[in-house]
Structure formats: C-alpha cells, structure tokens
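Protein chains: 2
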Amino acid sequence: MNLVNKEYHRRARVLLENWQDSRGVSTGFEVSTDKSLATIIELNLLGADASISEVNKLCKFAREHGLAGIGVNPVHVERCIQTLGDDVPIGTVIGFPLGANHPQIKVAEAELAVKHGARSLSMVLNIGLLKTSNFQEVFEELRAVRYACPDADLIVILETALLEPLQIIIACMLSREAGADAVMTSTGFSSMGATPEDVSLMRSVLGDDLDVVASGGITDSDSIVGLLKAGASRLTIGFSSTDDTLSGLIKYAD
Amino acid sequence: MNLVNKEYHRRARVLLENWQDSRGVSTGFEVSTDKSLATIIELNLLGADASISEVNKLCKFAREHGLAGIGVNPVHVERCIQTLGDDVPIGTVIGFPLGANHPQIKVAEAELAVKHGARSLSMVLNIGLLKTSNFQEVFEELRAVRYACPDADLIVILETALLEPLQIIIACMLSREAGADAVMTSTGFSSMGATPEDVSLMRSVLGDDLDVVASGGITDSDSIVGLLKAGASRLTIGFSSTDDTLSGLIKYAD
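If you're matching them up, the sequences are chains A and V in order. Quick note on numbering that gives the first Met the number 0: the first sequence kicks off at 0 and runs consecutively. Quick note on numbering that gives the first Met the number 0: the second sequence kicks off at 0 and runs consecutively.
Warning: the hint list may mix true and false statements.
Treat identical chains as interchangeable: a pair holds within one or across any two.
[Said to hold, decoys possible] When the alpha-carbon atoms are kept at most 27 Å apart in a straight line, the in silico DSS-like pairs for lysine-lysine are as follows: (1) Lys56 to Lys5; (2) Lys130 to Lys56; (3) Lys130 to Lys59; (4) Lys114 to Lys56; (5) Lys5 to Lys130.
In short, the hints are calculated from the structure, not lab data.
Chain A extracted, bound-state conformation:
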C-alpha cells in the first residue's frame, strides 16, 4: 500500500474510533419539521423494465406532490424534461448500478445527461477499486465527472451493503475531496439499503459539509424517521413503494 493510501487508512481509523465512542450520543442533527418532508424526498424509478407509461405516472405524481425531484434511467431524461419542464428537478444515474464502467464512459454519460437537462447525477463510485484500496483511481474518476459537470448536483452512491465501515469513511472523504454535493447509501439493487448506522457513520465523517442521502429499501415512515434522526438530510424512495410510504410521510409531516 502506498503512502497516500496509508494516510487515508490512518485518518479513517481515527474517525471510526471517534464515531464508535460517540455512539448513542445525538449527532446534533435535528429532524426539521418546519417544512414539508416532500421537499427532501426524491422519487426514483430505475427498474430495467420501467415502461414509458410508468415514467409518465412518476412525472405526474412528482408534480402533484411538490417533491424535491425524480430520478430516472438515462434513456428517459429527455422524455421527462418534455413532460415536466422546470417544474420538478430531474435527476439520473451514472454508471448504475454496478459502478464498474470505464471512467471515460461515466464522464460521457454524465455530460450527455446534463446536456439533456438532468440537474442531478447519482453516480456509483468504483466499488471494486475502493475495496482494493485503489483510492487514487476512485478519486480521479469522481473528480473527472465533477469537472465535466460543474453545475450539476453530484451525488456519489457508495453501496454501503458491500463496504466495511473503514471503506465507507474513506469513500466519504474521497467524495468530499472530489467536490461532490452529496453522498448516498445505496443503489437499491444490492443486498441491503440504507441503515441508520451507516447514515450516522457517513454524517459523522461529513459534518454539515455535504448532504447524506438515505436510499434503498425505504418503505415506511418509521424507517424514514430513524434515518433522519441518524443524520440523513435527503431521502430517495422507489416509486413502486410509494403509495404507503407517501401516506405515512404526509401523516408524519402533519
């Protein structure tokens, strides 16, 4: 392992110990109730078989409920822009959901999405390289997308289900250093979604600098409250699971 990697590991171990020592103590992160939760919720529809009519339903739903945004696969971005215009911010995914595309392709995919009108880019970092401690390559890829799309809301997806705590910490450090706006727990396509524990760890590393986006397997208002208390500042929910979740949410927000 080279010196830079050693330094990342050293700093990550310190942060992990600090986080472990403070467990059970409030993160100091308050759940805001002075605005509708809808304003921090993004609805995603990312299934391989999402049909055009489902995409249209998502657009209609998002506009009616004043949601923070929607997330669709890249092939649907232009369609959603035609439907929604500027009414609801449209986001898409980059290198999704495996994160193992070539960096040049992630950059090209991000540039094209922004050209088509996407305002936020949820990009999966290269998980295999992170786990192999190739931090420099992971960082350079994040920075390349950041440079290519300076005005987009850049969210780095970690896929916490596949990572050890030290790897989650280092991924947060790399995302911040690369200039990301937010770090997201999960793609929703792995073995597990967001947990309060992972969210709390991510928040402890990032302080108030970046948004922590909880995503994956969020299906009821209790889990939403738990994730917000742990430090999540944004939530991404799958459109298929919306009916109950949204009702629960609205009830909670009242």
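Since chain A is already given, all that's left is putting chain V on it; use the hints.
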C-alpha cells in the same frame, strides 16, 4: 400501435403457436460430445465489488481450463488484456445490467471496449422500450452498436425473467435483423436466470442462424445438460459458482 409493430406482433404470435405445437418434440438440436464443453463456456465476473485479485484469479482459471472466454466489467478489460494477451478471448458488458442507458452511451461504451481489446460485447437491450412496444427504437440501438463495432462478437441480452413469450420472440427477431451474433437469456442480476423453456423458445425463433447463450443461475451439471438439450449453444457461468460447476462439467464431458 403502428403498422410495423402490428406486423411484429402478428409474426410473433405465429411463431409462438408453432413453438407451442412442437413442445415435447425434439428441437433437432443435438448436444455435441465430440469436443470439450469448456470450449462453449464463458466465465463471468461481473459483481460490483469484484476486486482486482479476483479478476486476476479469473484470468488464471480461464487460461488453465481453455475456456471459450471470460466476461468482466468494462473497467477491467485493459487489465485482463495485459494479463491474458490473446490466450483467452475477453468480453465485456454494455449498458449492463439494466439496459436503460442512452443509446449514444451504449455505442460509446462498446467502441471503447473494442478499442481496449474486448472481442465480445454482451449488450442489454432496452427492456422498458421493448415492453412498451417501441420496437423501432430497440432495433435502432442494436443496429447502432452493430455498425460501430462490426468485428466484435455481439451478444444481445434479453433478460427473459422480465419478458412475456411474445416479447422474447420479438427481441430475438430484432436481434437477428440488427445483425447480432448471439442472443443471451439473462444478466444474472434479475429475479431469474436461464430456463430450458425460454432457451427452447429462443432457439425455435432463431433456427441455426445465431447462438443461443444460456446464462444466470447455472450452478450444476444437470441444469447445463437441460439447457443444452433445449437448444443453448453457449453457456455463461458466474465465476463465484465455478468450483462445483466445473467439476460437474468435466465429469459430464468425459
């Protein structure tokens, strides 16, 4: 639905009826035992968290066993070429596993992979558009990749788990018309992998024109025999499940 789509549906219904009438009758496709099964087996390592050392192990294994090829995520193609040279054909995936990237990005990803030395491209077709009967868009995307990479072995992944029989038939027709070399059942990332029934249906549409590649969830020699008898001419197996499968296979081939 426009006239072209109606014609596709009409032809697909006829093919489905013919296939249903001939069920139980041999497809006339014989399982060849005059050559090692290794020559029709490709080993894949496509997990998001595949590490560099696992990729290296895959390369070593493929060379030792004389396999037909390996499949890795795009970010690993150059690495595998450095390790294997021309010893084992290296394949990669395009628009994987959701198939919902923008067509321009699928083309760019395919071109870059070929430039890096990939000899086969397993490309996921746009499942959502197929299910919405946008056959023209599905076809044009396949053809664009075919034109961009005329010398590559182009395999179209259908993700049969998400498709109705008529959709499987039409996907096979579109793949053949676009000039693909093979049609594959599954990504291995959906709810189900290859079944003898789907393989038999694909073979009945394609005749001897294209290879039918069975993939996803293949973990024992019994299922391999069943898929070959149903009409599969190539097999793709996940590297993680190799140990037992390969032993079983070698036993079967003896």
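Verification of the supplied hints:
no.	hint	in the structure
1	Lys56 to Lys5	between (49 Å within a copy, 25 Å between copies)
2	Lys130 to Lys56	between (38 Å within a copy, 16 Å between copies)
3	Lys130 to Lys59	between (40 Å within a copy, 21 Å between copies)
4	Lys114 to Lys56	within (24 Å within a copy, 40 Å between copies)
5	Lys5 to Lys130	within (14 Å within a copy, 50 Å between copies)
The structure agrees with every numbered hint stated previously.
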